[in-house]
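Turn these sequences into a full structure, and let the hints steer you where they fit.
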Amino acid sequence: MIFGKRSQIYDAKLFAEGIARALSGIVRVTIGEGSPVLCTGWLLTPRIVVVPAYVLSTSEQSPRTIRVKFSSSASRVEFSKPEDSKHDRVVADPEILNSSLGSGVALLQLRRAHRGKLDLALSPPEIGDHVFLLHFPGGTATLSLSIGQLSSMSETLVSYTADSQPGSGGGPLFDQNWNLIGIHVASDQQNRRNEGINRTALLEMFQRSHAWKEIASFHQLADVAASSKRLLEKVTDDQSATPELVKAALSWRFSPRALSPEARDNLRDKVVDPTDDQWTLQTSVRRKAIRAVGSLADLQLRLPRRRPKDAAQLVIDRIILGPPYDLSNVKDEALPWWIQASRWFAGVVPSLPTPSEVTRELERRRVRSSLDSLAGPGFSGREKELKTMRKWFGREPPVPLVISGIGGVGKSALVAKFASELPLSTVILWLDFDRADLAPDDAVSIIAAIGERASTQIENFEVPTADASNWESAAEKLGRNLRTRLPSGPSALLVLDSFEVAQHAEKYQELWKVLDRTADEIPALRVIVSGRAPVENLTLRGQNAESLTLGGLRPVEVRAWLRERGVNQPRILTRLITIARGIPLIIHMAFQLLQSGEKLDNLPKKLPRQIVLGYLYRRILRRVQNPEFEEVARAALVLRRLTAEMVDPILGGLIKLPSREVSKWFRELGRETALVSGTDVLRLRPEVRSAALRLLEHDDRKLVRAIEMRAHRWYEGQDINNPEIASELVYHRLRLGNVKGAEEAWREGCAMHLQNAAEDLKPKARAWLNARLGQGSAADAARTRPGNSRPPTQFAICAPGAWTEA
Amino acid sequence: MKAIFSALGKPDAIPPQDSSEPAWWMDVLYKVAELADAAKRRLWIVADDLGEGSDGPKLDPTVRRFFEQFALFMANPAFAQWFRLVLIEYPRGPVPTKWKKGFWVDEDTNQSPPQSNDLAEFLLQWAKKKKKNLPQEQAQKFAAEVLTKAQSGSAPGGAVWEAIHDELLLVIKTL
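Each protein sequence line maps, in turn, to chains A and B. Numbered by our numbering, the letters in the first sequence go through residues 1 to 806 in order. Numbered by our numbering, the letters in the second sequence go through residues 807 to 981 in order.
What the hints contain is simulated information worked out from the structure, not anything from laboratory work. Predicted model only: the values in this text are computed from it and were never measured. Do not rely on the hints blindly, as some may be mistaken.
[What the hints assert, rightly or not] The following label-pair restraints were derived from C-beta to C-beta distances:
(1) B/Pro-822 x A/Thr-574: 23 to 31 Å
(2) B/Gly-857 x A/Asp-648: 46 to 54 Å
(3) B/Gly-815 x A/Met-752: 52 to 60 Å
(4) B/Tyr-836 x A/Phe-3: 55 to 63 Å
(5) B/Gly-859 x A/Lys-391: 41 to 49 Å
(6) B/Gly-859 x A/Asn-544: 44 to 52 Å
(7) A/Thr-574 x B/Gly-859: 58 to 66 Å
(8) A/Ser-284 x B/Gly-815: 28 to 36 Å
(9) B/Gln-921 x A/Arg-6: 24 to 32 Å
(10) A/Ser-284 x B/Lys-808: 21 to 29 Å
(11) B/Gly-857 x A/Phe-3: 50 to 58 Å
(12) A/Thr-465 x B/Gly-859: 20 to 28 Å
(13) B/Ser-860 x A/Thr-465: 15 to 23 Å
[To be verified] In silico lysine-lysine, BS3-like type, Cα no more than 27 Å apart, as pairs:
(14) A/Lys-309 x A/Lys-270
(15) B/Lys-816 x B/Lys-846
(16) B/Lys-907 x A/Lys-513
(17) A/Lys-270 x B/Lys-955
(18) A/Lys-764 x A/Lys-702
(19) B/Lys-907 x B/Lys-837
(20) A/Lys-702 x A/Lys-656
(21) B/Lys-947 x B/Lys-936
(22) B/Lys-947 x B/Lys-934
(23) B/Lys-937 x A/Lys-13
(24) A/Lys-229 x B/Lys-938
(25) A/Lys-270 x A/Lys-229
(26) A/Lys-270 x B/Lys-979
(27) A/Lys-229 x B/Lys-937
(28) A/Lys-229 x B/Lys-936
(29) B/Lys-837 x B/Lys-808
(30) A/Lys-117 x B/Lys-938
(31) B/Lys-846 x A/Lys-656
(32) B/Lys-955 x B/Lys-934
(33) B/Lys-808 x A/Lys-331
(34) A/Lys-213 x B/Lys-937
(35) A/Lys-762 x A/Lys-740
(36) A/Lys-740 x A/Lys-764
(37) A/Lys-117 x A/Lys-69
(38) B/Lys-808 x A/Lys-309
(39) A/Lys-507 x A/Lys-664
(40) B/Lys-947 x A/Lys-213
Built from N, CA and C at the ideal position, the CB exists for glycine as well.
Pasting the structure below:
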């Protein structure tokens, strides 16, 4: 049982070590001859003993006759000179130190250095704690221990119940760790308690001592005295315009190695990161230094002669050159540096553009440059789609356009290419739902995003303030403001990109309410929705959306793209076309590999790994919105459909499932619309699965096989009179190469569920299925004959769309 | 980005941009996490000057948008285990709508005036790091003195923190 507020149980060994350490530093002090005054003292440093000041002020004896005796019974310390190790003399006048409330101590300087050190406590004790007093009660030669409890603490004193007698004065008081918390000085008979000077008051007195440096050094004490003194000084910053500081202020960054040691020391605490190889002055210091120089003419004189010629430094150089400053002549890559630099020189250099003006210019330019960047400099092909889009753009009344396709197929690039070809006066409102500040179910974020993009492109455009309570009126006002500033005819394009991210939000349909209110006001506005999943039944302004499903590039387009880049050898062209199957991202990755020196013959070995990393993981699995589902999504690619009941029997133990019960998360998985559709029965999107399954097989064949075996067993236990269930059993048997089993499981109605399954199968199974589906070719028929099987194109992946060459 | 990748010893490992800017940032962030994981190295990333002065933004707004995406990634524990992200002078007002509560905290210096205890804690930590003994009460007393001086010589608001920083910088040299 613990009786007090905290445990008073001590580690016996540590306690013994503590007391042994403490004993070594205690001395009995004798002042005078004949009838001397006796008290207790303790070693503050090897040569300084502390005693209460009152023993000197009350003694009529000469302080020159002070002797100290180290108690042999108490001390385990062996002194260097055994013949006089137990005694020493004081060799200088005691230094008296009084506390602000009167009680004080005296420091006695010894002739020799002694070992024995008392440790000062760094944190205060608590009322009720045990305290330990080491002392020589009654002036006897026996070092004694009294134990008591701390009863109170004041600014300078501690009170406690450890017993004492005359002669105990000066005895050190310890906490339970044997760290010094005070020095015994008095007894309060009336209140039945003993009193000591606490260590805070002691330290304050020590700081005033002539020996403070010695004390601080010996106890490794932070030199608060010196710092306090410094704090009281009025710091005058007379370095604000020193030559090295001005030089640093006019350099975007500089090497500390190029500075003299003195200059380096002076600048060290004025730079952002003194550990960096290149130093950059803190903004406030830089501005102060520039202001201290005072004028453009003086700045020009003090510009360092030797300075780097990088983009950032060139901006400073240009500013120092003086006005006029025409932002339209500033290169795109320099504008971000102007934002910072224009603030540094404001008020000293005349006619500088403000950071706000520079930012506006930068953001305005980025509207168009980001389209070029997204489309890519080598955009080619997609003529058919672009033609469709041009026609769509001119339609009256306008209808929304939904563009869907798997990741990496080039949706954003296509839209960017289209937008970049629109007249420069067209206002482009590009909302990317990958951004942190945009959510389809947060009307305010949509209004703010549209407003921000409009204000970048339209001079003095007023963005209405929206909050959760007024978003309807704000959306309408935004529409009206846009209408008044747009020319007639199609002159604004709103792009909702990465829309599969928006679809993940439970209430993403809220978005249409906002857009309906805004778009209703703007006949000139056209809306494109671009994402990985189709958007069902979309209407805007009462008009149904048009849909454009984007498949892979046609082989002829891939050939053209590669030829433009100097790839002309038919063998290479054929290999790359086969590998990429029309997906631009994979074509780019394959091309980059070749460019990096990879031999064509190595491509089958190298490319799949690159694609697995770059495509399957980066573009497909990482786009799973809830990271908790990444492993489920990866494993689910093996299956064509998934229900909550299938999760544990098929996936349990093979992968890390979300820690919650399946019923708690399964419907949420259904919101990963880039990967699945449905609610109770989730169907893997065939175009995604088709593209990813072979990559997954290549990456983790064992897992794929294990899931297929389990799926097969699971479907065997289901009602296979249901054609959909039967078709899944057929599928997994075929995947496992069991054509005979597939034949047995086949039921009427299976065909409609297996229309696109053949491409996942090995030749023999594929031929059998195609024959069943009535799609078999002569080649397929030949493959079904024993001994005629041919390995599949090992690394082909399939993309949807108009693929005509394999 | 260069600074972050350099801190992980791979200044040239920034993924090329082959998609929209936010999608590219995701690639970048995944790569950073991958490198941190490989090196078993945790990073503190501190981005300053993300707000606006009276005359406009202090930095290219893209920098802030990148860190908004970074902060969004911190909701993923697998990613967040490698990073501590501090966004200084982030504009007051609504935060990006996708920053759900729970993975970030807001410290508004206007709403949380400097406290003597915080300074004392700093001094104690500093002393510990420098292997110096600083009694707790002395740290508190000293902290109070620093605070008083900083408050007496600076304008209200953020300037107090700057003054404290400057005072502390001066005095710990001799502490």
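Checked hints:
1. B/Pro-822 x A/Thr-574: 23 to 31 Å: holds (26 Å)
2. B/Gly-857 x A/Asp-648: 46 to 54 Å: Holds: the Cβ-Cβ distance is about 50 Å, inside 46 to 54 Å.
3. B/Gly-815 x A/Met-752: 52 to 60 Å: Since the Cβ atoms of B/Gly-815 and A/Met-752 sit about 56 Å apart, the hinted range of 52 to 60 Å holds.
4. B/Tyr-836 x A/Phe-3: 55 to 63 Å: Taking Cβ atoms as reference, B/Tyr-836 and A/Phe-3 lie about 57 Å apart, which means the hint holds.
5. B/Gly-859 x A/Lys-391: 41 to 49 Å: Check passed, 48 Å falls within 41 to 49 Å.
6. B/Gly-859 x A/Asn-544: 44 to 52 Å: holds (48 Å)
7. A/Thr-574 x B/Gly-859: 58 to 66 Å: Since A/Thr-574 and B/Gly-859 have Cβ atoms about 59 Å apart, the given range 58 to 66 Å holds.
8. A/Ser-284 x B/Gly-815: 28 to 36 Å: holds (32 Å)
9. B/Gln-921 x A/Arg-6: 24 to 32 Å: holds (26 Å)
10. A/Ser-284 x B/Lys-808: 21 to 29 Å: Given about 25 Å between the Cβ atoms, the range holds.
11. B/Gly-857 x A/Phe-3: 50 to 58 Å: holds (55 Å)
12. A/Thr-465 x B/Gly-859: 20 to 28 Å: Given range 20 to 28 Å: holds, Cβ gap about 21 Å.
13. B/Ser-860 x A/Thr-465: 15 to 23 Å: holds (20 Å)
14. A/Lys-309 x A/Lys-270: holds (23 Å)
15. B/Lys-816 x B/Lys-846: The given pair, whose Cα atoms are some 14 Å apart, holds under the 27 Å limit.
16. B/Lys-907 x A/Lys-513: holds (26 Å)
17. A/Lys-270 x B/Lys-955: holds (21 Å)
18. A/Lys-764 x A/Lys-702: With a Cα-Cα distance of about 21 Å, the restraint between A/Lys-764 and A/Lys-702 holds, given a limit of 27 Å.
19. B/Lys-907 x B/Lys-837: At roughly 26 Å apart (the allowed maximum being 27 Å), B/Lys-837 and B/Lys-907 satisfy the hint.
20. A/Lys-702 x A/Lys-656: Holds: A/Lys-702 and A/Lys-656 sit about 16 Å apart, inside 27 Å.
21. B/Lys-947 x B/Lys-936: holds (20 Å)
22. B/Lys-947 x B/Lys-934: Roughly 17 Å separates the two Cα atoms, so the pair holds.
23. B/Lys-937 x A/Lys-13: holds (25 Å)
24. A/Lys-229 x B/Lys-938: holds (19 Å)
25. A/Lys-270 x A/Lys-229: holds (23 Å)
26. A/Lys-270 x B/Lys-979: holds (14 Å)
27. A/Lys-229 x B/Lys-937: holds (22 Å)
28. A/Lys-229 x B/Lys-936: holds (20 Å)
29. B/Lys-837 x B/Lys-808: Cα-Cα ~12 Å, so holds.
30. A/Lys-117 x B/Lys-938: Answer holds: A/Lys-117 to B/Lys-938 is near 16 Å, not above 27 Å.
31. B/Lys-846 x A/Lys-656: holds (22 Å)
32. B/Lys-955 x B/Lys-934: holds (24 Å)
33. B/Lys-808 x A/Lys-331: Holds, at about 21 Å.
34. A/Lys-213 x B/Lys-937: Distance ~17 Å between A/Lys-213 and B/Lys-937 Cα, so the pair holds.
35. A/Lys-762 x A/Lys-740: holds (14 Å)
36. A/Lys-740 x A/Lys-764: holds (11 Å)
37. A/Lys-117 x A/Lys-69: holds (16 Å)
38. B/Lys-808 x A/Lys-309: holds (19 Å)
39. A/Lys-507 x A/Lys-664: With Cα atoms ~18 Å apart, A/Lys-507 and A/Lys-664 stay inside 27 Å; holds.
40. B/Lys-947 x A/Lys-213: holds (20 Å)
Going down the numbered hints, you'll see the structure goes against none, and every one checks out.
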